[in-house]
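**Q** Just so you know, the protein sequences line up as chains A and B, in that order. The opening residue of the first sequence carries number 1 in our numbering; numbering runs sequentially from there. The opening residue of the second sequence carries number 1 in our numbering; numbering runs sequentially from there.
Hint data in this document are derived by calculation from the structure and do not stem from the laboratory. Predicted, not measured: the structure shown is a model, and the values here were computed from it. Be careful, since some hints might not be right.
Under the rule of at most 20 Å between Cα atoms (straight-line distance), these lysine to any residue pairs were calculated in the SDA-like manner [to be verified]:
{"no.": "1", "chain 1": "A", "residue 1": "Lys126", "chain 2": "B", "residue 2": "His364"}
{"no.": "2", "chain 1": "A", "residue 1": "Lys88", "chain 2": "B", "residue 2": "Pro346"}
{"no.": "3", "chain 1": "A", "residue 1": "Lys126", "chain 2": "B", "residue 2": "Ala358"}
{"no.": "4", "chain 1": "A", "residue 1": "Lys88", "chain 2": "B", "residue 2": "Pro342"}
{"no.": "5", "chain 1": "A", "residue 1": "Lys126", "chain 2": "B", "residue 2": "Ala354"}
{"no.": "6", "chain 1": "A", "residue 1": "Lys126", "chain 2": "B", "residue 2": "Ala294"}
{"no.": "7", "chain 1": "A", "residue 1": "Lys126", "chain 2": "B", "residue 2": "Gly363"}
{"no.": "8", "chain 1": "A", "residue 1": "Lys126", "chain 2": "B", "residue 2": "Pro342"}
{"no.": "9", "chain 1": "A", "residue 1": "Lys88", "chain 2": "B", "residue 2": "Ala294"}
{"no.": "10", "chain 1": "A", "residue 1": "Lys126", "chain 2": "B", "residue 2": "Thr308"}
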Amino acid sequence: MINVVDFPVPAAAPVGVKGARLVGLRSLLAEKFPAVETKESGVLPTGHAAFDGPEGGLRRGRLTEITGSLGAGPLFLELLLTILAREKCFAALIDGGHSFSPEDYSPDALARLLWVFCREAGQAIKSADLLLRDGNLALVVLDLQWLAPRDLQRIPASTWHRFQRVVEKTDAVFAVISPRPMIEGAAVRIAVRNQWDLRAMRCCRSKLMSELEVQIFSRTTQAPPVWSRRSA
Amino acid sequence: MFAAIHLPDFHLQAVLRLREELRGKPVAIIHSAESGGGILEITPEARAAGVTEGMPDVQALARCPALEIRSRQPVQEQAVAAILLEVAHSISPLVEATEEGVCTVDLRGVRNRDWSDWGNEIITRLARVSLVSRMGVAPNPDLAWLAAWRANPVLVVQQPELFLRDLPIATMRPSRALLTILEGWGIETLGQLTKLPSADLISRLGIEASQLCERAAARKIRPLRLVQLAEEFSEFLEFECGIETLEPLLFVLRRLLDQLTRRLDGVHRVAARMILQLALENRSDYERDFIIPAPTCETEVLFRILDTHLEDLHLEQRPVGVRLTMEPIRADHNQLRLFENPLRDPNRFGETMARLIALVGPGHAGIGCPEDTHHPDSFRIQEPCFHELRGETTVAVCAVGLPLRRYRPPVAANIRQRDRSPEFVSSAVVNGPILDALGPYRSGGDWWDEKIWQREEWDVEVARAGLYRICRQENEWSVEGCYDTGLC
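All chains should be modelled from the sequences, with the hints used to inform the complete structure.
**A** As structure tokens, then:
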């Protein structure tokens with residue numbers, strides 16, 4: 001089940017000479033290599049409807065917050081590794097609480113994931129800053145779910161505004177996994193509503209993913225920053 | 001044709017190359033401070049002040065009080081000799097290190113061209129690495145050597161007889177005794193010498209006269225003693241006193257890098273590896289090896305790598321010398337991959353990695369690779385090599401259950417059991433009755449040595465707390481991690 005909240009339709013960009021060339025090149029590539037799927041440039045598709053939402057993927061150059069129960073974060077990381085394998089790109093996981101367990105994931109996919117484990121929230125924030133400014137990685141995930149609420153409260157709100165300004169200049173997806181909504185300026189907030197019991201431990205992960213109950217909140221770029229809800 | 005490249009005032013150039021502050025000043029080179037020998041080589045400014053070669057240093061100082069007297073620097077001389085050979089090897093693979101500051105290149109097989117323009121290009125290349133050179137081009141190696149000594153800056157010998165005719169015999173550097181005899185006979189030029197009957201000359205003056213005649217006739221092409229191109233490029237600079245802050249060290253490193261990158265560029269190579277060595281006051285060395293993710297010879301990129309590393313470096317002793325060594329490879333001209341998203345700037349990523357490791361500590365950032373064991377939470381951190389990653393990546397689709405979040409280290413727990421199943425958990429992170437449990441999952445390993453281990457794991461659902469993994473090892477219970485805690 002997916003709940004979606006106000007998504008504005010972006011205005012079409014004027015097509016100039018360069019745009020026409022780009023369209024021509026894309027059509028040529030599509031003709032020559034039909035197996036390769038062309039994608040919208042503004043989003044990174046996860047291939048999973050719950051996270052993709054109506055936009056078709058995670059927004060590039062924007063801050064996305066993923067909140068919910070503790071199991072939601074590792075499932076999102078599973079999804080992240082699938083994206084890396086499919087897109088043949090690279091990502092970083094900043095593990096704020098040093099809780100990531102690499103043996104639970106495919107070793108091949110881990111080869112595309114830079115894992116940074118930190119001792120405190122300050123280190124995690126600085127690491128995220130370095131990696132976002134680097135601009136080489138398609139995804140940067142800051143996992144703060146395992147940190148104590150007291151440590152999270154110490155992170156100044158201005159940090160997230162600064163991150164938003166930094167990530168705007170790149171085409172990276174910046175996802176912050178937090179135990180509860182805490183980033184006011186997040187462009188997209190994905191709230192996972194599932195609560196698992198012991199039966200989940202016998203289920204295939206792909207089935208668990210398909211059963212995700214997600215609510216997506218989106219901040220429009222044109223409208224004032226007000227959160228509103230609408231059921232899909 | 002053969003070309004001889006000559007670096008005049010070789011010892012002086014070796015000293016002045018990395019000492020820009022001495023340019024334009026009266027400088028003299030002596031053999032060594034201890035030997036007390038006379039002046040070996042001087043700059044034009046020193047000559048203008050009345051200093052000449054062979055003069056005792058005390059006398060030279062009396063004539064020119066501002067004279068800077070420096071000892072020969074064998075390390076720098078080796079570096080200059082290496083540069084000369086590198087440039088020569090970029091012209092032809094057949095190169096001879098003829099003597100100090102002179103090398104000869106075999107150009108046979110090279111199409112005829114305007115040798116003068118070509119020679120000027122080579123001289124310009126050497127000037128880029130702060131070396132003044134001269135070049136002689138001639139039909140044989142000995143003649144090319146002679147031409148190089150008289151060139152200004154390039155001399156092409158088309159008619160050997162005409163060139164040799166008026167050349168003084170002293171230019172061939174015969175022994176003093178032989179030169180005196182010939183001067184006594186009134187023979188002063190090579191033209192006069194070659195007119196003498198060689199058999200009579202040899203019978204009177206011996207084997208040395210024979211060799212002199214052969215070289216003066218310049219008809220014979222002697223085989224060159226070929227040398228190979230060095231596999232690494234190195235520059236060294238010794239400080240006059242220990243360096244205490246970063247800025248002067250970076251200044252010197254920048255200068256060394258400039259030289260090395262120009263040398264690499266000259267032979268169409270790029271740096272794949274860079275080794276920084278700092279000679280410390282207590283005669284020990286600090287060494288750091290840098291693998292360049294995307295081999296390059298761009299000074300800025302290489303300098304940033306050094307700068308990033310040195311920013312966080314603290315040494316017990318002051319550095320008194322620095323050596324920078326580059327391992328060259330051919331530039332990679334691989335086609336970019338159309339359907340992959342490689343790193344845009346691998347060198348920048350390498351720099352970011354260095355900063356990250358400085359921030360979080362070594363072994364806290366990299367690729368998490370599970371070890372080849374069934375023991376839980378066994379992994380090693382590898383340096384990421386994203387720029388080398390090729391091919392498909394497969395992801396296992398058969399993974400079962402929620403992934404675990406680990407407590408590191410595991411949290412000690414008290415478990416109450418009923419019928420061998422856990423019934424109640426009490427620990428610093430979770431307390432409560434266990435509603436349901438999956439297990440036991442038993443594992444063990446390393447039974448062949450002292451590290452033998454056996455463990456029993458349970459996945460448990462704790463009332464109003466969530467899903468946890470508990471473990472018993474050596475009769476001690478612990479909470480290993482958490483799968484889910486329910487909604488916050």
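**Q** Each hint needs a verdict: does it hold in this structure or not?
**A** Right, here's what the structure says about each hint:
For the hint pairing lysine 126 of chain A with histidine 364 of chain B, the CA-to-CA distance comes to about 14 Å; that is within 20 Å, so the pair holds. Proximity of lysine 88 of chain A to proline 346 of chain B is assessed by CA-CA distance (about 16 Å); at most 20 Å being required, the pair is judged to hold. At roughly 11 Å between alpha-carbon atoms, lysine 126 of chain A and alanine 358 of chain B fall within 20 Å of each other, so this suggested pair holds. The straight-line distance between the Cα atoms of lysine 88 of chain A and proline 342 of chain B is roughly 8 Å, inside the 20 Å bound, and the hint therefore holds.
Using a Cα cut-off of 20 Å, the hinted pair lysine 126 of chain A and alanine 354 of chain B holds, with the two alpha carbons roughly 14 Å apart. For the hint pairing lysine 126 of chain A with alanine 294 of chain B, the CA-to-CA distance comes to about 26 Å; that exceeds 20 Å, so the pair is violated. A C-alpha spacing of about 17 Å is found between lysine 126 of chain A and glycine 363 of chain B, which places the hinted pair at or below 20 Å, so the restraint holds. Only pairs whose Cα atoms come within 20 Å are accepted, and lysine 126 of chain A paired with proline 342 of chain B is rejected, the gap being roughly 24 Å.
For the proposed pair lysine 88 of chain A and alanine 294 of chain B, the alpha carbon gap of about 19 Å is at most 20 Å, so the pair holds. Distance restraint check for lysine 126 of chain A and threonine 308 of chain B: the Cα-Cα separation of roughly 16 Å lies within the 20 Å cut-off, and the hinted pair is therefore satisfied.
Going down the numbered hints, you'll see the structure goes against 6 and 8, while the others check out.
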